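S.K.: Starting from the two chains in their separate frames, assemble the complex, guided by the hints.
Here the protein sequences come in this chain order: D and R.
The first sequence runs -8 to 317 under the working numbering.
The second sequence runs 62 to 400 under the working numbering.
Heads up, a few of these hints could be off.
What the hints assert, rightly or not - Chain D side only, calculated, beta carbon under 8 Å to chain R, not exhaustive:
#, residue
1, S74
2, G237
3, G256
4, V258
5, P262
6, Q271
7, S274
8, S282
Calculated from the structure, these hints are not laboratory results.
Quick caveat: nothing in here was measured; it's all calculated off a predicted structure.
Ideal placement from N, C-alpha and C gives every residue a C-beta, glycine not left out.
Each chain, written out:
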Amino acid sequence: MIHLLILLAALGLDRLVGDPDWLWRRYPHPVVWFGRAIGFADRRLNHASDAPQVRRRKGKYAIAGLLAAAVAAGVLLDWGFGSLGFVGLALEVGVVAVLLAQKSLSDHVRAVAVALRTEGLPGGRRAVSMIVGRDPEQLDRAGVSRAAIESLAENFSDGIVAPALWYALAGLPGLFAYKMLNTADSMIGHLNDRYRDFGRAAAQLDDVANLPASRLSALLIAFGALRMAGPGAAMAALGAARRDAGLHRSPNAGWPEAAMAAALGVVLAGPRSYGGVRVQEASLNGSGRSSVDVADIENGLRIYGRACDGLALLVLLASITIIISN
Amino acid sequence: MSGSDDAPIAHGGALGAAIARFGGEPEDWLDLSTGISPFSFPLPPMAAHIWRRLPDPAEAARVAGLARLHYGASVDPVLTPGSQAAIQLLPRLSPSVRTAAILSPTYGEYDLAFRRAGLDVAAVDSIEGLLGADIAVLANPNNPDGHRHDPDTIASLAVGRSGRLTVVDEAFADMHPELSVVAAAGRVPGLLVLRSFGKVFGMAGIRLGFAFGSADILARLVSGLGPWAVSGPALAVAAHAFTRADLVDAQRRRITASHTLTRAAVIKAGLPIVGETALFVLVQHGNAEGLRDRLSARQVLARSFAHSPDVLRIGLVADDAEADRLVLAILAARKGKAQ
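Just chain R, with the same shape it has in the complex (with noise of 0.2 Å):
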């Protein structure tokens, strides 16, 4: 990698930067720069005591209770202010770390998050590569491209690591439950499975996440979070999202039928697909920055990829009519003649 070390990355779902860019208001724009899904899970009646006071230990609890039976774990997760709040502690989860290696190309901040502490960084690019270093990580399903691992194989590569830390970031394995090796987690020394609650639940802005783990690592993940690390309001959702089973199974149903929209969009548009999850597409395109500026113009928000130009990233749709307007702007967006 080149650049500064310490540059902030681009992340999707930064509509404010298109909007000054491209124009227009919050509601004119289609954002499908992110893998949320764009239903939210209801939200529950909030007593007015969840606003005043600090969030309740043992209200977070109960929660990594009803996590832990969610996600079908062996273990109760350590609960963080999102995915990045553990990414950014990783290096402090084990002693004299030194080296990280990284199933690449994957989400960005885990790069940025070794640099930045000081660790020697390897981007690698099949599972072997990740045995030696003292942190590895790879995510399941990967996000841009899609890619799966088999379980078996990521829990045989934490067992060959012998206690050294191996992260699975299943961001995007909810709707892919037989992907998950959740189950392992508290039982292979070194294994920490992250697990994203705002992805699947459409409710990323309450910042929740939880991390699935052997003891001593989720004490230093306790101990480095600090106390009341996730909000009250976030507690309540989870709590009342775990214990409704029945919306839970709605809202999985409501995003397999906006996966199918969006593919048959995509496909309808004369787009390529070249990997996916339950929550968004990844298409090819020549030129996909160019692309992604062009559907911008035309106030439909995707992901472009510095590491590989030649894909674009598509969120979920939530209706026929977002659908339409999705295939009309890429056909208008790919080079051509006017009506």
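If we strip away everything but chain D, and leave its shape as in the complex, we get (with noise of 0.2 Å):
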């Protein structure tokens, strides 16, 4: 019950500031200790000389040990907030809006919509490259448009819906689980041959920790939709992600992009050439527009502000719900 009032109250907090650049300029971000362990475990455990089954052993006992290690820090940090009282409780709002990313995707994301406004395509090359992995020279408009339109929709999921879903069910312990796991997934869940084995226990616990979440946030972005273009858009995103989901790779990023294709009308994702070498991501809402462009951005933020607006009100209701039913 308190988790959720706490919930509450971090993802005002996260709305309104943020991740302040002065603060983590000073101190260094919890996640960026999460990445150090992560980076730890990594040198000492993963040897390009072991078999692939040991490497897959070991990726087993590393991804174990971390989350022990969040858990532990979670229950640790869980005790010492709670002999504070008042005080520990407002520490407690502060440490979950730092683990959650409403206000800093909207930040990342708006830039892109400002720069390819006022700087044309460089521009908006530069800003997408602080959000996506792929090659940012390679883009036209549509594509910066586009990747800034999936990973804000991606990102809605993993970076804000999954962390409140995981403290709401299991507090700070659950919450700093998550965020190892999908830390840890984010570093050597891929697909190389460093991590193809070392990887493979993490990224596969990250799908099954997602998979919740990416089904939410799906009908989130449907609220969304509603709010912001109506009944008709929203039943467009519920049928894209439960039809289109399947088609992607990743067994949950597939929900929040289609139900935000659909919602905006466009095609996201898809097949396309990386200087002549063709890249199969399966396209979402394929029958969609394809001519993505900065008012896409700036309608999927408008959607995206809504979302956000959506979780809490859950919260909310699920506060309100348990405090009539005690």
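M.R.: Following this line, the structure appears as structure tokens:
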């Protein structure tokens, strides 16, 4: 119960303040600590000389150890905050807000739209390279816009809805474990030679951990579409998520991306050539408009804002339900 | 079978429907949903009168003679606007037909044409099952499983059916001449062999097929088709193809090389091949329709079958670039973590 109220406050705080630069220039962001721990495990346990089975096994030990450490840190902090009374509550709100990314995500995506509008394609490429891994030099205007919207939808799920959900379910230990797992997936959950085996356990666990949030985020995007563009857009978002999510090679990312694609009436992802190499991504809402532009990023941000409202509303309703039923 | 008898069958090659669902332009797509050669045979120069005049019956007769030589038949065939036109007319090719048996699963239009004609249709799973019916149909090699039947067994079946109509669909037999019973057509009463021009020559668009059989059957087929059934351009293309043995050999070699490429690509992508002809491979996958959709979302079109939910048919890729694209698309379409 108290977790839900803390979450509600944290969602509000994160929405307003986000991740202020001045703070993280002085102190390392908690996710940086997680990253250091993962890097340490990687250096100590992941050896190219080991057989694939050995690397897989060590990868399991590594992620188990990292998750145990994250849970332990969560339990410790929980206990510490619990003994500080009101101050502890406020601190916990702060810690949860730090691990949510509503404002920082919208700031980064908005920067792409602003750069496209004011500086054209070169500015858009520079801004979008801050949030996606693909080579920005190969992207045209539609490609930059599409990348920004895809990133917005996917990170809404694993940067906001998933941590909120895990915190609501399991408090600070759940939130820390999720952030550890998700950070590990982004560092070692790759299909290249170095991480195919060592990162396998982390990648698979991350898929499981994101499963509920990805579906919920599609619902919330549909809610955002309902508020922004009416029931037609909301139904389109739900229909596309159900129909097209399975086309994506990730079992999760397709849900929010397909919902966002249909809410905006555009095609997202899809096959395209980068420097002659064809990238085999599934097109989501393939019958939609393929000429994606800045206006779609801006509409996507509006839907995103309403979807964040929807998440807060959901937490509020859950709190009220629990209060009434007690 | 359930559902409406008259519902049209979904075939491969329906790129327009795939684009409506998954987007893109036709040139973005790699269409592997048919068993048609990816290489179109070189066109002959077309005289202006080919477009202006009605097709000349004498020219049609000349093409029939060339087709007899090309396919190694004993009689001149009837030219049809594709095998499909002959299939539609099968119920009318012999008197008082009530029952039909089809060695199944196979090309779905036989079943549909017979049902629409009010016949009692049986799907059978062995050649013996074909003995009794008024019309018997089998495809050799079969589509989509690539199953091959011994031509002697087929000839014995036709003889054993003592004059009743036995249809052997050899649409995919061009690259497998050892399987053909075309030489027996015209000699065994009731035997009708259908050949397809478009598949091996990569010209399904011109709609041309050949029916070889005994004179009485062919006469009914001719009267069912009516005059000018095959277009002048189709006659010109076929006459050119059948007189250029060098180009036909080159076409066969390209198809064989493509088939090797396609096989290697599919195996590299980890899909087991469970059947094939020279013009397609059939692969196994637990959820073939799901895989087809995930490939479609990557603008690679393959063919799944309602009657066999665990197989996917993949046509030939034209070159190394298409082979690489197919491998990457299959790997990406099978569930897994992104790079």
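S.K.: All hints, please: hold or fail.
M.R.: Here is how each hint holds up against the structure:
no. : hint : verdict
1   : S74  : 41 Å, violated
2   : G237 : 7 Å, holds
3   : G256 : 12 Å, violated
4   : V258 : 5 Å, holds
5   : P262 : 5 Å, holds
6   : Q271 : 4 Å, holds
7   : S274 : 5 Å, holds
8   : S282 : 12 Å, violated
The earlier numbered hints that this structure contradicts are 1, 3 and 8.
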